[in-house]
Structures are given as structure tokens and as C-alpha cells.
Amino acid sequence: MTQKKKPLFLSWLQLRKERALLLVAIAGISFADVLMFLQMGFRGALFSSAVEFHNSLNGELVMLSGRSRALISLDRFSERRLYQAAGVTGVASVSPIYLNAIQWRNPENKEIWDIYAIGINPEHQVMNVPGVEANREKLREPDTVLFNLGSRREFGAIAQRFESGESITTEINERQVQVQGLFKLSPTFGINAYLVTSDVNFLRMANFRRGGLIDVGVIKLKPGADVQAVLAAMRLRLPNDVKVMTRDDYARAEVAFWNASTPVGYTFDLGVVIAFIVGAVIVYQILYSDVTNHLPEYATLKAMGFRDRYLLIVVFQESLILAALGFVPGTLIALGIYRITNIATMLPMAMDLGRVVFVFVLTAIMSSSSAAIAVRKLQTADPADIF
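The letter at position 108 of the sequence shown is residue 108 when you use full-length UniProt numbering, and the numbering goes up by one with no holes.
Everything labelled a hint here was simulated from the structure, so no lab data went into it. Treat each hint with caution, since some may be false.
To be verified - Think about it this way: if two alpha-carbon atoms lie no more than 27 Å apart in a straight line, the pair counts; the simulated DSSO-like pairs of lysine-lysine are:
no. : residue 1 : residue 2
1   : 243       : 222
2   : 110       : 138
3   : 184       : 220
4   : 220       : 243
5   : 184       : 138
6   : 184       : 110
7   : 138       : 243
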């Protein structure tokens, strides 16, 4: 048992002796970990924020135009298609949704910004969002809207003013509207803010839109209905100018659009790879310097009868100790940056256990790979040549 502990003890003593190099190595690994955490954090925020609207829909099935690709790339279709679907056995109700960017005037500085408007039928519970459901009845009144708590600062301090009891009136497409409630949807990489209003109010504000042409249809099934059977029946009945899918498939299609059809997902994946390479190079330089500086000592151990395997274990343990020491501050720094980014951008930047474990595994692989390259010099060391 004592013999098994010796490589670890020796590894730690060597690292501790060169404290300056140890601190540089910890800083380098922490930096690489922070970069990996940030790239994964932004990628996760991209996907989770992109599907918040999709996951909020109160229905098992969703109808879209056959040419719609994502929430920021929708095409309209006739509302009649939705009511055709209502005749399929197992359907309990259908609800149309209008979606469009419209011009919001900041009531504080009068600047105009595009805001993404969601027009729903206030008679139906279309969205499972607490703020929307609690204030749905208020949307029956003319020129009323619900404002998004997750909106960025350029739209004004609407939430703070409303919660303090102030009456908020502003203009949308030069039409005066009143804020009657708040709800929460996170902004995305393509949408800075949302508002919710009734379908009637939506068509008044978005006067360039024509009634009867909708963007999304929500289909709620009767209790006990077979989702796949109803879906198959709809696809047989409806023409191919519309597509029907489950709500989960709708969310997955949105993620696939951002991941594959835009450069954003690729960019974040590339960032993780670059961070991995940077960390590997730093660890390699540290370990290579350590092996080079202690080559006479390693050669002496070999001359005393220690096998290459023992010496290789020493170097690999050094790499794993560095990985662990650098991972802890890297994780803590990343948590702080996540929090700052969430406050500044309202993006849902959050750390989860799966990501922590994944980055730790990457860090261990990164350090071990560097050690595998660095020990090549040690394997070829001959005590006769050294002395």
C-alpha cells in the first residue's frame, strides 16, 4: 500500500517545489475551463431561450406553414387549415396565434425598438405562462398588452414602474396602448423582447397584417387521445401547404435550426475546441518544462531500478493534480460570469451538474493528453547519456 502512494506523493512534491510554474499552470487551466464554460453556457442559453415559447404552448400538437423554419423565419397559412384539423377525432380545441415584430416606443426616451408581438385568443388558455394566464381576461379590453419581464433595458423600465403601481401607456406602430400585466419569457439571440396581446388587438396594432392568415396553430387533444394516431390522421387529411408536429418536435426543430442552419451553434462548438487546445498547450508546456528540469532526477531513479511505468505515472498524476487545482477556480469564475451575463443580457445563463461534469472530464482529458506528449522525452532518457 505504501508503494502505491509514492508516485502521488512525488508528483505533489515536484509541483509544490516550483510554485511559480504551479500557479501559472493553475491559471492557464482555469482560463481554459472558463472559456469552455462560457461557450457551453452561451450555447445552452441559445437553445433554452429559443424554445421557451414552444414549451409554453398549451397543446400537444402544433400547426405551421410548410415553409416555416423557425420562430424568426415563419410563413403564414390560412386559419381554415386549423379548423379543418379541429374535425379530426380526438381534437378538443384549436387556437390560432399571430406572431410579428412591431414597433414599440420606449415611453421614457421615445426611442423606437422592434418587439415581438404574440397575438392570442383571450378566450383560450393558449400559453402556460403564469403572467399570461393571470392577466388573460384583461386582454379583452381594446389596446391592452402584457409586457415581458425578460425584456432588455432599451425597452424601458416597464416592469419596475408597473410593479410600483404606475400606469404605463406608450405607442405601438403609432397606436396608443396600455400595459395591463407582466409575464416572463427570456429574450433569444433573434428576439430582444416579447409582448402578448389579444388577436383582435394584434391586428389593430399590426395593421399591415390581414386577419385569417396566422403563424402558429395550437391543437389541444381530448384526455386519453393517442397523439400519434391523431397526428397521422391530420397529415392524411390536410394538404402539404401546412405541417403538423408534436410540441416536442416543434422545439427540437427550433434547436436544429439554430444549431445547423445558422453559424451560431458551430461558433460556440468551435470555441470549446479552441479552449481545449489552449489548455492542452499550456499544460504541455508546464509538464515538458518539469520533465526537462528534472531529467537528471528521473534518470537517477531509472538507474536505481525504477521502471518507466513508475515515472510515467508520476507525470500523469501531475497532470491530473493540475487539472483538479485549475478546475475549481475556473468553475467559480465561470459561475460569476454567468450571473453577470444573465443580469446584463437577460439570457438564461445557468450552470448545471451535467455541464460541470463534462468540463471536468474534458479538463482531465486535456491534461492527460498533454502529459502523454510530454513524457515521450522521459521514455527516451538514458541514465548513461545523462551522466
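The hints, checked one at a time:
no.	hint	in the structure
1	243 x 222	holds (20 Å)
2	110 x 138	holds (25 Å)
3	184 x 220	holds (23 Å)
4	220 x 243	holds (16 Å)
5	184 x 138	holds (17 Å)
6	184 x 110	holds (23 Å)
7	138 x 243	violated (32 Å)
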